[in-house]
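Participant: Residues per chain, in single letters:
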Amino acid sequence: MIVNSVNGESMENALRACCKGIKIGKILIHREGEDNGQQIFQNQSMLRQCRAVAEAEAIVKDVAETELHSPPTGVCSFGFAHIIHLSSSPTLTMSAFVGKYAEELIKNAKYIATPGKGILAADESTGTIGKRLSSISVENIESNRQALRQLLFTSPNALSYLSGVILFEETLYQKTSDGKPFVEVLEENNVIPGIKVDKGTVEIAGTNGETTTQGFDSLGARCQQYYKAGARFAKWRSVLKIGPNEPSELSIQQNAQGLARYAIICQENGLVPIVEPEVLTDGPHDIQKCAAVTETVLAAVYKALNEHHVLLEGTLLKPNMVTPGSDSPKVAPELVAQYTVTALRRTVPPAVPGIVFLSGGQSEEEATLNLDAMNKLEVLKPWTLSFSFGRALQQSTLKTWGGKKENVGKAQEAFLSRCKANSEATLGKYGGGSAGGLASESLFVKGYKY
Amino acid sequence: MSCFISKYADELAKNAAYIGTPGKGILAADESTGTIGKRLSSINVENIEENRRALRELLFTAPGALQYLSGVILFEETLYQKTASGKPFVDVLKEGGVLPGIKVDKGTVELNGTNGETFTQGLDGLAQRCQKYYDAGARFAKWRAVLKIGPNEPSELAIQENANGLAMYAAICQQCGLVPIVEPEILVDGPHDIKKCAEVTERVLAACYKSLNDHHVMLEGTLLKPNMVTPGSDSPKVAPEVIAEYTVRALQRTVPAAVPAIVFLSGGQSEEEATLNLNAMNKLQTKKPWSLSFSFGRALQQSTLKAWAGKEENLKKAQDALLVRCKANSEATLGTYKGDANLGEGAAESLHVKDYKY
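Chains as they are written, first to last, in my numbering: chain A, -6 to 443; chain B, 7 to 364.
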């Protein structure tokens, strides 16, 4: 009788206790990725080691006919093999949920965090993209939305600086004008498609304008659909604000729990969850206040992720940078870098492979300079620091395009320029100078919703 | 700042980082009077102050040993003791480049309504005591919280109470200039497997770091003293590489990079086991933004005690035994231990005592 079990060691004791004199032979299965694939378990009655259950079955059938006729000490020979599979997901004993997608999640999260690459956040909802289009006097109809995204995704060479693109649901199913699905365009260029899965924020009653994020209804089923359509990561934006009494404990808890629940549902369905607890820049507070709030929020988020058994190695963090409030004087990138990295070192466990900052209203150039300063900082950073920029990657591109076909080439060049600049920033190698006048324009919108 | 910046902030960060110096670690010599009594009686030595003093002098003056130590944890009595020639132990340590530390908890008491779970006492007047200890030369402190694994343990209550106690203790220490060693020990007792230990360890550590954040503790000025992740005492042992993998992964998932060093407790492992496990961790090729070192009590002193047996003529033998373990563990912090330390009598002996209290 062959038993495929994760808790082999404890099962062995129980077996020996109830079946005196039983002879047990063991085959160790250790899968690559789950555990560095490097252990060597020392056990004198081990028959073999292999990489997968199917292999083990093959070994058993093979062994049953050959070796077991002259078995090693402690293993008896028998004429047939009866294979029983016990549950292979040790959900009850691991702090983190290790489901069937675990290896894939870890691999994809790590890939997105590749140094030199980052994420284009192109997941503006229909309403929000409408505001962008109207700012360049372009009508908010599907073909224009399609044209804009096609412009971005087919920008020559730009994709080489991206590891992922976040899409809105409509875009996930759109194609180029030649009929090629956007998802394929991205995949062919080694860019992982991602999908925004939240359904916006709603106010928490009894608070001063604080919000929670909705989107849980049928989230699992939706994730499965998105996975089938080619998405491999997801994004969910939680929002917190700084005020005299904000963020409140209620708001912190609600948003942290929401992020954790969203994250585990994603992982159950094969999508790497990007965890985004954005602390808005709005306000007259100084950088120290932003740091204190960011640290408190992140600590709550990681406690919640632990409670919900989220596999940190298969997640990414998308936080705000730590900066002075929008009504406060700006500070140098080096200071932003110092406060931001300190906050992250105090709260984000090393198991998280990458941190991809939101740009939150900073100009294109500001965001790049701050990211670059962080990567130049001489301090130990156990996660890569990269970008997940929306406005800070698209602003100049949008303005240059103006909705006109004849401007596509120039617009794509502007886009390439920002992608390249941010790629260099992730390596701490940005030299400045790709700032056109447009790149220095602040993109801050008070109380920004998207 | 999320953390409270005490006037000692720079000193705390400096001392915590120093204790985490690769190649060095901590000797936990803070056995309470009752506990050291058990050790002494195991070698037929009377538990009187002079003998306790003699043992500690043996340890602190062992030639060549101090270079492998960055800190020694003392019991209150020892903080004020001297060598036979009249030199304060604190000075002996300082001159040897070793920071004196002090145990500040007052032992555990049971939590009502639980199945033998405990919380740790010692918060009353803690600030005043810490100030006194700082004046006497101490620069770090230690507080041991204890949790156990059982069908329904550790309970949420036990986790929260102990995490909260550790955080309050840590905040007070920092206000008084002492680097707090945060020790949430999960006892090895039980038939559970290594995965269960990993799950509990991750849950407990997550709660600890949330609490430390709530209490505005400056992580750069703290140290962690956790259990290694191992199978339960009633379960078959596993290889050091497995222990290393599960332990480091649990720490990667819970301990922020701002913590400069993690100094493991030995918790009943034999001297050699503890060293081999620590060595395996430092050989592991994976993300470790904190240094991994030791804060061993039994696992540094066992052979030494047996070699001494309370007799002055055994002094050199005993000190040699201590040096062997210190050097071995120093190498283990660098991942260079070859397992060739002269095993003194008792080095391979399990030091597990069921439901250990000290």
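Bear in mind the hints are in silico, worked out from the structure with no lab data behind them.
We treat Cβ as the ideally placed atom computed from N, Cα and C, and that holds for glycine.
Some clues are possibly wrong.
[Unchecked claim] Calculated lysine-lysine pairs in the PhoX-like style (CA-CA distance at most 25 Å, straight line):
1. B/K293 x A/K103
2. B/K312 x A/K374
3. A/K100 x B/K20
4. A/K103 x B/K20
5. A/K369 x B/K322
6. A/K369 x B/K201
7. A/K103 x B/K289
8. A/K323 x A/K282
9. B/K93 x B/K317
10. A/K369 x A/K103
11. B/K294 x B/K312
12. B/K20 x A/K374
[Said to hold, decoys possible] Derived contacts from chain B toward chain A, CB cut-off under 7 Å, selection only:
13. Q137
14. D141
15. A142
16. L163
17. K216
18. H221
19. T260
20. P262
21. P295
22. D346
[To be verified] Between beta-carbon pairs, the in silico distance windows are:
23. A/K192 x B/G131: 24 to 34 Å
24. A/R254 x B/P242: 56 to 66 Å
25. A/S211 x B/Q137: 26 to 36 Å
Participant: All hints, please: hold or fail.
Facilitator: To see whether the hints hold, each was checked on the structure:
Under the criterion of a C-alpha separation no larger than 25 Å, the hint pairing B/K293 with A/K103 is consistent with the structure, at around 13 Å. The hinted pair formed by B/K312 and A/K374 fails the criterion: a straight-line CA distance of about 45 Å is larger than 25 Å. Restraint check: the Cα-Cα separation between A/K100 and B/K20 comes to about 37 Å, which exceeds 25 Å; the hinted pair is violated. At most 25 Å may separate the alpha-carbon atoms for a hinted pair to count; A/K103 and B/K20 exceed this at roughly 33 Å.
The suggested pairing of A/K369 with B/K322 is violated, with an alpha-carbon distance near 52 Å, which exceeds 25 Å. With a CA separation close to 39 Å, the supplied pair A/K369 and B/K201 exceeds the 25 Å bound. Our distance criterion of 25 Å between C-alpha atoms is met by A/K103 and B/K289, whose separation comes to about 22 Å. With a C-alpha separation of about 14 Å, the suggested pairing of A/K323 with A/K282 holds against the 25 Å cut-off.
Straight-line distance between C-alpha atoms of B/K93 and B/K317 comes to about 22 Å, which keeps the hinted pair within the 25 Å bound. For a cut-off of 25 Å, the pair hint linking A/K369 to A/K103 stands: about 21 Å separates their Cα positions. Of the supplied pair hints, the one linking B/K294 and B/K312 is violated, its CA atoms being roughly 36 Å apart against a limit of 25 Å. At roughly 19 Å between alpha-carbon atoms, B/K20 and A/K374 fall within 25 Å of each other, so this suggested pair holds.
The beta carbon of B/Q137 is not positioned within 7 Å of any beta carbon in chain A (closest approach about 27 Å), and the interface hint is therefore violated. Nearest Cβ of chain A to the Cβ of B/D141: about 30 Å, over the 7 Å cut. The hint is violated. A cut of 7 Å between beta carbons decides the hint on B/A142: the least distance to chain A is about 31 Å, and the hint is violated. For B/L163, the interface hint is violated, since its Cβ never comes within 7 Å of a Cβ in chain A; the closest pair sits about 15 Å apart.
Because the smallest distance between the Cβ of B/K216 and any Cβ of chain A comes to about 4 Å, under 7 Å, the interface hint for this residue holds. The beta carbon of B/H221 comes no nearer than 11 Å to any beta carbon in chain A, farther than 7 Å, and the hint placing it at the interface is violated. The restraint placing B/T260 at the interface with chain A holds, with a minimum CB-CB distance near 6 Å, inside the 7 Å limit. Residue-level restraint check for B/P262 holds (minimum Cβ-Cβ distance to chain A is 5 Å; threshold 7 Å).
Checking B/P295 against chain A: minimum C-beta separation of about 4 Å stays under 7 Å; hint holds. With 7 Å as the threshold, the beta carbon of B/D346 stays out of range of chain A, its nearest partner Cβ sitting at about 19 Å, so the hint is violated. The supplied range of 24 to 34 Å is broken by A/K192 and B/G131, whose beta-carbon atoms lie about 54 Å from each other. Taking 56 to 66 Å as the suggested C-beta distance range, the pair A/R254 and B/P242 does not conform, at roughly 37 Å.
For the hinted restraint 26 to 36 Å between A/S211 and B/Q137, the CB-CB distance of approximately 59 Å leaves it violated.
Hint check: violations occur at hints 2, 3, 4, 5, 6, 11, 13, 14, 15, 16, 18, 22, 23, 24, 25; the rest are consistent with the structure.
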